[in-house]
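Chains as they are written, first to last, in this note's numbering: chain A, 1 to 112; chain B, 1 to 119.
In case anyone wonders, no lab produced these hints; they're calculated from the structure. Take these hints with a grain of salt, some might be off.
[Claimed, not checked] Cβ pair distances, simulated, as ranges: (1) B/Glu89 with A/Glu86: 44 to 50 Å; (2) A/Lys112 with B/Gly42: 44 to 50 Å; (3) A/Val63 with B/Gly42: 24 to 30 Å; (4) B/Ser84 with A/Glu84: 29 to 35 Å; (5) A/Gln73 with B/Arg67: 33 to 39 Å; (6) B/Gly26 with A/Phe99: 27 to 33 Å; (7) B/Ser63 with A/Lys35: 24 to 30 Å; (8) B/Gly10 with A/Lys35: 35 to 41 Å; (9) A/Pro9 with B/Ser84: 31 to 37 Å; (10) B/Thr116 with A/Lys35: 35 to 41 Å.
This one's a predicted model, so the numbers in the text were calculated from it and none came from an experiment. Beta carbons are placed, not taken as given, at the ideal position from N, Cα and C, and that holds for glycine.
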Amino acid sequence: DVVMTQTPPSLSVAIGQSVSISCKSSQSLVYSDGKTYLHWLLQSPGRSPKRLIYQVSNLGSGVPDRFSGTGSQKDFTLKISRVEAEDLGVYYCAQTTHFPNTFGAGTKLELK
Amino acid sequence: EVQLVESGGGLVQPGASLKLSCVASGFTFSDYWMSWVRQTPGKTMEWIGDIKYDGSYTNYAPSLKNRFTISRDNAKSTLYLQMSNVRSEDTATYYCTRRGYYSADFDYWGQGVMVTVSS
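When you get a sec, could you build the whole thing from the sequences and use the hints?
Spelled out as structure tokens, the structure:
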């Protein structure tokens with residue numbers, strides 16, 4: 001199985017600060033069609049996960065442009081510019097290039 | 001508005017069977033692949049499997065393939081997860097998810113349903 005390693009496990013931030021979360025995969029996530037199926041999700045406290053970014057860098061519908069995703073092959077980053085209170089929760093990366101699909105362990109974003 | 005509403009969870013004894021349902025609305029259910037994903041009490045996310053839009057193909061996590069079965073009824077816009085011979089490690093919140101049409105991600109999630117396996 002493809003192992004997804006997220007760092008850091010937790011982040012303590014102040015409102016307005018910018019943060020980055022890393023996600024590294026044990027295999028390249030480039031599929032035979034040339035696309036990279038690496039996605040980011042946010043689970044706010046007490047809520048179900050919500051799509052943030054799909055295929056590395058595409059923002060989901062309604063997701064503010066404070067969020068951005070970059071990366072390629074095995075190394076990916078989620079950046080949040082100017083963190084707001086609604087951004088708090090657990091961020092997961094997920095890959096759907098390979099079977100079985102797998103998730104990172106999550107990065108918990110908390111208020112400082 | 002896309003909505004996915006799971007039901008059928010609860011407390012179940014080891015070795016028993018359980019069937020979860022997920023009713024979809026707000027989109028043409030028969031156009032989309034669907035998946036089940038579970039989240040353990042420790043918050044680990046695990047993909048269970050997928051089903052093709054017409055129900056003709058399924059794909060499962062190898063560790064669950066022999067005990068879990070995904071099916072769908074497009075006439076009822078409903079997705080199912082049949083769980084058999086459940087174990088304590090199946091204790092989790094189970095989410096019904098829609099797969100993005102072109103993106104292949106998990107673009108919408110239900111509210112989740114809790115399954116607790118305990119004697």
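- Of the numbered hints stated previously, which ones are contradicted by the structure, given in increasing order? 1, 2, 4
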